[in-house]
Amino acid sequence: MNKMILTEAKLFLREPGGPIFAILLPLALLLGLGSIPGFQEASAELGGQRVIDTQLPGMMVILSVVTMALTALPAVLVTYRESGVLRRMSTTPVGPARLLVAQVVNNVAVAVVATALLIGLGNLLLGVAAPRNLPAFLGVFLLGSASVFGLGLLIAALAPSAKSAPGIGSLLMFPLLFVAGMWIPRELLPDLVRRIGDFLPLAPFAQALRDTWAGHAPQPLHLAVMAATVLVTGVLATRFFRWE
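113 is the number that the UniProt record's numbering gives to position 113 of the sequence shown; each next residue is one higher, with no gaps.
The hints are simulated quantities; they were obtained by calculation from the structure and are not laboratory data. For every residue, glycine included, the Cβ atom is placed at its ideal position computed from N, Cα and C. Keep in mind that the hints are not guaranteed to be accurate.
Here are the in silico distance ranges between beta carbons for each label pair [claimed, not checked]: (1) Leu24 - Thr91: 38 to 48 Å; (2) Ala130 - Val105: 24 to 34 Å; (3) Pro37 - Leu138: 29 to 39 Å; (4) Glu187 - Arg242: 38 to 48 Å; (5) Arg242 - Ala129: 37 to 47 Å.
With the hints as extra help, turn the sequences into a complete structure.
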């Protein structure tokens, strides 16, 4: 299994466009938001916090996860299916399932690197505090990442071609990011939009990260939604995934 992960990592790094984009995009947003004077000022609507303080723990952290899970991962897996790699591996003792695991591990590793850079640079350059409840933050990060990568595997299972997979991921990604507060802080969204977002995976992921970052426990509803997403997407991806 370790050899498979290393092999896929080498292939992964030969075309570093996806990983680099997943790392640089959140960093660019961080620096962009940090350069806006209003985002550095405390807001009464945000409970006395700065916009940068509320945005970093949620959306800029999970943006790297979303980019890898909903665009990069499905494209690679569907390409492997179209080129016959999965079919050939299904006839060997290795089996294609190990390749799926290796792909997920490498994608999660990129997301972890991006998250670590965001936390470090956010603290160093903009004075954003590090997570106060680190064990809970890490647990939420793993659970939330699993829910998003579950969506990515489901896209890979259903996408008709490698060209369509990133497009399907993008169509799903942008509405989910909106209701999760990517473009506008969730506190400023209409109540109905926030309520809808609570039952979709990205908003609970973002809010749970913010809660644990501030030292609070994540809300049970948010944990339940993320866990349910892992279960449902896992079952559906297993049911509909095509090796050839």
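Hint by hint, here is what the structure shows:
1. Range check, Leu24 to Thr91: Cβ separation about 39 Å, and the 38 to 48 Å hint holds.
2. Taking the beta carbon of each, Ala130 and Val105 are about 25 Å apart, inside 24 to 34 Å as hinted.
3. Under the hint 29 to 39 Å, the C-beta atoms of Pro37 and Leu138, about 33 Å apart, fit the expected range.
4. Distance hint check for Glu187 and Arg242: the Cβ-Cβ separation is about 42 Å, which falls inside the suggested range of 38 to 48 Å.
5. Against the hinted window of 37 to 47 Å, the Cβ-Cβ separation of Arg242 and Ala129 comes to about 46 Å, which satisfies the hint.
Of the numbered hints listed earlier, not one is contradicted by the structure.
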